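In the order they appear, the protein sequences are chains G and V. Per the numbering used here, residue 3 is the first one in the first sequence, and the count goes up by one each step. Per the numbering used here, residue 17 is the first one in the second sequence, and the count goes up by one each step.
Treat the hints as calculated values from the structure; they're not laboratory data. Careful, some of the hints might be misleading.
[Claimed, not checked] Just so you have them, the derived chain G footprint on chain V, three or more residues with Cβ under 8 Å:
(1) 281-287
(2) 621-630
[Said to hold, decoys possible] Partner residues aside, some chain G positions facing chain V, computed with beta carbon under 8 Å:
(3) 37
(4) 73
(5) 136
(6) 141
(7) 185
(8) 187
(9) 188
[As the list claims (entries may be wrong)] Here are the computed distance ranges between Cβ atoms for each label pair:
(10) V:432 / G:155: 19 to 25 Å
(11) V:628 / G:182: 25 to 31 Å
(12) V:432 / G:189: 28 to 34 Å
(13) V:120 / G:155: 47 to 53 Å
(14) G:33 / V:541: 40 to 46 Å
(15) V:541 / G:108: 16 to 22 Å
(16) G:41 / V:595: 26 to 32 Å
Since the structure is predicted, the reported quantities are computational estimates derived from the model, not experimental observations. Don't be surprised by glycine CBs; every beta carbon is placed ideally from N, CA and C.
Residue-level listing of the chains:
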Amino acid sequence: MTELRKARVATASLAGCFGCHMAILDMDERLIDLMSKVEIDRSPLTDFKQFTRRCDIGIIEGGCCNEENVHVLQDFRRNCDVLIALGQCAIMGGLPAMRNAIMHSDAPLRECLEEAFITGRNLTNATHNIPNDPALPLLLDEVYACNEVVEIDHNIPGCAPSGDIIYDTLIKLLAGKFHGFERETIRFD
Amino acid sequence: MASHPEDTAQKSGLSLEEKATIRSICREVEDDPARMMDILLRVQDRFRCISAPAMDVIAEATGLSRIAVEGVASFYAFFSSEPKGRVTIRLCDDIIDRFSGLASVTAAFENALSITVGETTPDGAFSLEYTPCIGLCDQAPAAMVNDLVVTNLTAERVHEIVAALKAGAPPEEVLVDRYAERTPYQRAKEMVSNNIRHAGPVLLGPVPEDAGLEAAVETGPAQIIRTLETSGLRGCGGAGFPTGRKWRAAAATEADRRFVICNADEGEPGTFKDRVLLTERPHLVFEGMTIAARAIGAKEGIIYLRGEYVYLRDLLEEVLADRRNRGLLGPAIMGVDGFDFDIRLQLGAGAYICGEEGALISSCEGLPGEPKTRPPFPVTRGYLGCPTVVNNVETLCHAARILGTGAQWFAGMGTKDSPGTKLFSVSGDCLNPGIYELPYGVSIRDLLEMVGAEDAAAVLVGGPSGTMIARDTFDRRLAFDDLATGGAVVVFNGDRNILEIVEYYMSFFVHESCGYCTPCRVGNVFLQKAIGKFRKGLANPSDIAYLRDLSDTIIETSRCGLGMTSPNPILSTLENFPLVYSAVAKPSADRTRATFDIQSAIENARQLAKRRSHIYDRDFTK
């Protein structure tokens, strides 16, 4: 019998704080065990910027706040069999989505940028300009949860989810035994 | 910095004379904060708006905080903080009106007045707006013009009306021929035809005058309640609570004051039976209230008339005055010592939620029309904390007839669980829209034949909070144990788009949710958006499960009937017209969301940054 091939996993951090990727590393020495079952393809952990092959699992941290986020997410959807939203920002938009609350304005995006770079208190922006380098991706009108842009197969909630939960979920998923979380696992009260 | 418009209004304030006017309006109701609705209605009437400075004066006079006054003033659709035109035209925006040519009527008004819906002409002469169902679906398209109504509108008629109004004629002269010479009843009949297509033996046939009240005076309170219980009468507003049991509970509660309230806030789209009773049988309504007062020992009564039926106010006030003159209201009714009872008319101001009895009581108390937490039920703690019986117009009429003619006679009609007759208000795609008084238990098929709607494809029973059924179940019967209804039967033929109808009704509930419970306030918006996806062909098969899931949450977690029934247009069409949904839902090929449109999402940023996208503008390098 031929040995089963390792599962291919890709990860990306979109509009998040990278905390969820830190949490992945938080599984500590179990990473060694995990690496015996998977290989990492496109990911900030490998610094591969493109997919080398189709992947079994894609893990997304963060929601979509700009066009590049959307592009990456759509690329992940097309190249991964199973797509996981990891953490609150990926699932619901999280902290970046606070700017969606500027809703009673004719130009909410401009208002947001002006407050962030020009009019806000305690700013130390000597140029008084809104950054507009041609290399900067265009912002979206609001911050979108991943699920609003592509179909998501599983959510791992938390801010950030613990290394334990990420490890357990991936191991179960690889064994084909993941059927969602027990309520006890994901309640916080 | 330019001054904020509100600041200038605040600074300019009111003249001394205007302040005195507002104070005297408050004094007319003894500065009673519980009469806030009357105060606000009169201020709105007098000044065409309730401005911030006016609210200050009202707050001072009634001893309330300014924010409490503003809370009420901002709750109701017919109150406005900005001045409305001297003639305010409210077009009924119900789905029936839309299917009856509302678009061309709207265009005609916009054209003739040179404003769009939602605007006021610069000279302050006209305002034009939309309002949900005004209870005239049997003669759509219809509109309110100040306190009057106009029906069967056409573009031609609109131009005539606007020309006459612009020439300076008062609305009543334009809409009612020889207005000044006519009685309130004649005026109402002139504006609205009641389309009684089938009169039954209880309400719309010949009715002996005050026979029920005479019987009630003879037999006394205990026997009145026993008679009602024997008759099996159930509330006609939709929920069908046994009337006798309600009265018994109110009578049994210890209290110094008790109240009888007639719920004439007929807001369920497609329902207009109370309009007909209030016009054609007002004495019977008040007779029923008086009997209820006798049964429970109430001295005070309120008839809560929806703001849209303000054209019936004079008629009802005249009937009340007449009954007072004849000793049928007031002290010692029919010469019986201690049988004192009088009724005041409370006008609403355009809030569907006030048809819910808790919200209706709140509104009568001068509060925003928000439902109350139950229990306690109104029969133990209702209006001003006193035991209160709230009954539908039709229920009270039935009660009067039962007392006059007998419980057995009534119970002998209809079905075992739903005795007696019921008024059905039929509208939509049929030859004879109007009112049908029929015994409970009549089948939809028989009713459709009667109204001339053999080509009906869908029938909405009980309005949007009721059930939409399809051809294969037209044998179902109108009764509490099958298809319950407060009276609305709306017929749609095969040319109508079910999803368009559902989307309209969801937008209605979004508009009318009082906002107290988050699942209702927010959830209905999500439902409306989701239906929008189906309409645009962007829905995914999983969205069908989402609709069900979200609906269940809203129903489970809302405290009043609005949230508990608002998902019904979706749930009942999912149940009875499943193919309509599955036909337009399709999975996306590459599992990306068809609803997400990157071009519109980056358009703002493109304009702000004054550059194109490296990723999504294909011709960037050209």
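field: Violated hints - listed by number, lowest first
entry: 1, 3, 7, 8, 9, 10, 11, 12, 16
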